[in-house]
Amino acid sequence: MIDLTSQITDVERRVGSRRLDAGEGRVVTISKVFPSDVEDLWDACTNPERLPRWFLPVTGELRLGGKYQLEGNAGGTVERCDPPNSFSATWEYDESVSWIEVRLTATADDRVRFELEHVMPVNDHWNTFGPGATGCGWDMMLVGFGLHLASGKAVDPVEAEAWFGSAEGRQFLTESSSAWAAADIANGADPDEARAAADKTTAFYTGQGL
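Mapping of the sequence shown onto my numbering: position 54 corresponds to residue 633, and the numbering continues sequentially without gaps.
Hints may contain errors.
[As the list claims (entries may be wrong)] What follows is a list of derived Cβ distance ranges for each label pair: (1) Lys732 - Lys646: 25 to 31 Å; (2) Arg690 - Glu772: 34 to 40 Å; (3) Thr707 - Asp619: 36 to 42 Å.
For the record, the hints were derived by calculation from the structure and aren't laboratory data.
We put the CB at the ideal spot given by N, CA and C, even for glycine.
Let the hints inform the model, and build the full structure from the sequences given.
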C-alpha cells in the first residue's frame, strides 16, 4: 500500500544553482530516510540484478569508467564510485547530457538517508517545465524504491503504472509538482513563473496535455 501523504511530506526537495562549463545550470536534489542499512541500499542501487525490481532493467558495466543503459531511458558513464557511500555518472538522454550523484548516509537512528542530486543545464526544457519535469520522475522512482525496500519483492510495473494513472496517483503527481515549484521559489525563482511551469509539468505527468 502506498501512503500518499508520507511520499510527499517525508521527502526533502531542493533546487540550487551551479555554473557549468556550458553556462548556467540548476541542481535538483531529492532525499528520503529509509529504515535500512547502507550496504543494503548500495546493493539496491548498484546491483544490475536488483535494479529492475524497483527501477528499470540496466545493461552495461556498473563500475568506474563503465557505460550503462537503462531500458527505455537514460544511459551514460560512471564517473566516480565510492562504495558503499556514493557514485556519480553522466545522465545522457535524447542528445542532452546532465549529471547525477547518489549519496547514502547512515543516520543516528540506524536508518539511511538516500540522496540523489541531478545537475542539468538551463535550456528550453527547463524554462518550460522547471525542476518538476525531472523532480517528479525522481519522486516516482522513490515510490518504487520504498515499496521494494519495505517488502524485498519486485515492484510490478503494470500495477505501478495503474496506480500512477489512478486518481490517487494523479494527486500524488500534482502534489509532487507543486512541491518542486515551492523548492524553485525558495531558490529565488519568480513565483508566478514557477507555478506556471509546475502547471505544465502536472499536465504532462497526469495526461492532461499542455
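Okay, the hints, checked on the actual structure:
no.: 1; hint: Lys732 - Lys646: 25 to 31 Å; in the structure: holds (29 Å)
no.: 2; hint: Arg690 - Glu772: 34 to 40 Å; in the structure: holds (37 Å)
no.: 3; hint: Thr707 - Asp619: 36 to 42 Å; in the structure: holds (38 Å)
Comparing the model with each earlier hint shows no violations; every hint is respected.
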